Structure formats: C-alpha cells, structure tokens
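Q: In order, the protein sequence lines correspond to chains A and B. Its first residue numbered 1, the first sequence is counted upward by one per residue in our numbering. Its first residue numbered 1, the second sequence is counted upward by one per residue in our numbering.
I should point out that these hints are in silico values taken from the structure, not numbers from a laboratory. Any given hint could be a false lead.
[As the list claims (entries may be wrong)] Calculated cross-link-like contacts (lysine to aspartate or glutamate; reagent style DMTMM-like; alpha-carbon spacing at most 25 Å): (1) B:Lys59 / A:Asp185; (2) B:Lys59 / A:Glu192; (3) B:Lys59 / A:Glu74; (4) B:Lys3 / B:Asp16; (5) B:Lys20 / A:Glu74; (6) B:Lys11 / A:Glu106; (7) B:Lys11 / A:Asp55; (8) B:Lys59 / A:Asp157; (9) B:Lys3 / B:Glu58.
[Stated by the list, open to error] Computed beta-carbon distance windows for the label pairs: (10) A:Val23 / B:Met1: 51 to 57 Å; (11) B:Arg5 / A:Ala159: 27 to 33 Å; (12) B:Val34 / A:Glu27: 57 to 63 Å; (13) A:Val23 / B:Gln72: 51 to 57 Å; (14) B:Gly54 / A:Ala159: 19 to 25 Å.
These numbers come from a predicted model, not from an experiment. Just so it is clear, CB atoms sit at the ideal spot from N, CA and C, and this is done for glycine as well.
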Amino acid sequence: MIWGVLQFPGSCDERDALHACTVASGEPARLIWHEERDLGGVDAVVVPGGFSYGDYLRAGAIARFSPAMEAVAEFAAAGGPVLGICNGFQVLCEAGLLPGALLLNESMRFLCRQLDLVVAPRDASTPPEGGQSNERREGVRLSIPAKHGEGRYYAPDEALDELEANGQVAYRYAPGQNPNGSARDIAGVRNEAGNVLGLMPHPEHAVDPLTGSTDGLRVFEAVAAAGAPA
Amino acid sequence: MAKARVLIRPKEGILDPQGKAVERALPALGFEGVEHVRVGRMVELEAEDPAQLGELCEKLLANPLIEDYEIQTL
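Construct the entire structure; sequences and hints are all you get.
A: Structure representation (structure tokens):
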C-alpha cells in the first residue's frame, strides 16, 4: 500500500508522517504538494500536522480550499482511506469530511505530552476488520504523544450522542488524561462510512522504540484496513 | 464598493477560555462587576456585491458550528 502525505505551507509533521507510513506499509510513501490536484494514484492519504497557511482565521480553515484537499474530498467520497493528524484533523473538520470542530484548549496553553488513548469500538454489531473480536480491540491502550494549542473537540450534544451510537468515536483520552477539555474525552473520530479518521495526538511520532512507543503504527494499520481500495 | 464589518463570536454555551481569562484578569486591575466576557473576531472588508457576504461568512469567515456572525454594512 502506497501512502501519500499532503504538504501545505506551514505543515511541520509531514516528514515524520512519511516515515511512519513507510514503516507501517513497507513501501515508500510520497509527499503531495498542496497545489497538486492529482493524488498520483496513492492508496491512502495523510493530512499531516502543523500550521497550514499559518492557521490564519481558524486552524485548517484556509487549507480546506487547497487543490490537494479537493482531490482528498473526492478520494474520501470514493471510499479511500484518509488519516488526519492534529492540524490535519482540524482541516478535515473544516472541510466537512469529519463531524465537529477543534477549539482552543481549555487551559489556553499549548500542550506537549505523552498520553494514553483508549481504542473505542467501531460497531458493536459487526466484527471489526482483521478478524479480531471486539472484546480484544476495545479498550486497548495506545501510548502516543499529543502537542497542540487547539485540540478541544466539540460537537453539539445531539451530534455527540449520534457519533457514539454510530461507533464514530475512534479514540478517547484514557480516564483522567483528557488534556484539553474535549467533549466526552474524545481524541479522534471517524466519518460515518469509516474510511476517514482524524485525531489530535500524533501516531506518526510513535513508530520507533527509540522514542518510547510504537503504538502509533496501530492507527495507520486501522486506517489502511478501514478504507475500500480507491 | 460597499464597506462592511463582520463580527464573529463563539456561540452561546461554548466555553470561551479567552473570555474567561480576560474576565479573571479584570479584578486585579480594579475593575469589579464585569461578567460574561466573550472574545471574538472582527473582519473589515469591501465588497462589490454585499449580497454575497452571508455565504462568504458561512463558508469561510465563520464556522457556523461553533461561531455566530453578524454582518454590518457601513
């Protein structure tokens, strides 16, 4: 599987994402410049972290109108797997590819720390991808770093109820570790079809034992498995 | 060209940490009795067709999920 990683002016995590994708799939990932309207036939896409277009106006608000994001929207609509990390999550929310919005951290401080995520069940009624039982996947903890100033996940209460009922909450901060005031401890969500996933913490920084954890690879694997071949 | 001003503020009920921080700073400066401080954004612009401002706000200037906006034509 060939991953493509978008690069906006102001992206800063695209190199780590490239490395993580390459480690996760075993095939070299490619960078995709924001002005490209064609994703070049990649099998999955990362919208990486950083400060796209300086995060002017609102984080992700300008990046969503880039030619590459138009291509990503079409790719996602066709069932292609898309992973948005941090600023990429903000971009996907602004683009309407994921529900909700990310607000200024409750503390108003930029935070940077290693924390635990709990994998939320995708759907209680159907067996998850990979043949694992829900019992084994649910509740698994991943140790992944988070670093952001605007990561407080928000959606209206009714929308949150719906997300939970549909199994669209992908990751929660472990009890007591919600770092930013996110609603219902939500760290990551997926779209209704399940092929687009966004989260605030950075799985691409947790793919090598040298930096303390390789749990980030589980996130790339989950996204790769969730998308239909585009 | 018509001049306009767009006021954008966090929706009612959404925690506004910037407003809270400003509110908490005021008593230290001797300003008592100030409540419900909300911090938003103001955008000034000139438009050939002011009729398009609503759509422009919905699509870019504000995120309608989390923000209310108000257009003032000047």
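Q: Run every hint past the structure and note whether it holds.
A: Checked hints:
1. B:Lys59 / A:Asp185: violated (28 Å)
2. B:Lys59 / A:Glu192: Between Lys59 of chain B and Glu192 of chain A the Cα gap is close to 22 Å, so the pair holds against 25 Å.
3. B:Lys59 / A:Glu74: holds (19 Å)
4. B:Lys3 / B:Asp16: violated (29 Å)
5. B:Lys20 / A:Glu74: Roughly 40 Å separates the two Cα atoms, so the pair is violated.
6. B:Lys11 / A:Glu106: holds (16 Å)
7. B:Lys11 / A:Asp55: holds (20 Å)
8. B:Lys59 / A:Asp157: holds (23 Å)
9. B:Lys3 / B:Glu58: holds (19 Å)
10. A:Val23 / B:Met1: 51 to 57 Å: holds (54 Å)
11. B:Arg5 / A:Ala159: 27 to 33 Å: With Cβ atoms ~31 Å apart, the hint holds.
12. B:Val34 / A:Glu27: 57 to 63 Å: holds (59 Å)
13. A:Val23 / B:Gln72: 51 to 57 Å: holds (53 Å)
14. B:Gly54 / A:Ala159: 19 to 25 Å: Distance hint for Gly54 of chain B, Ala159 of chain A holds at roughly 23 Å.
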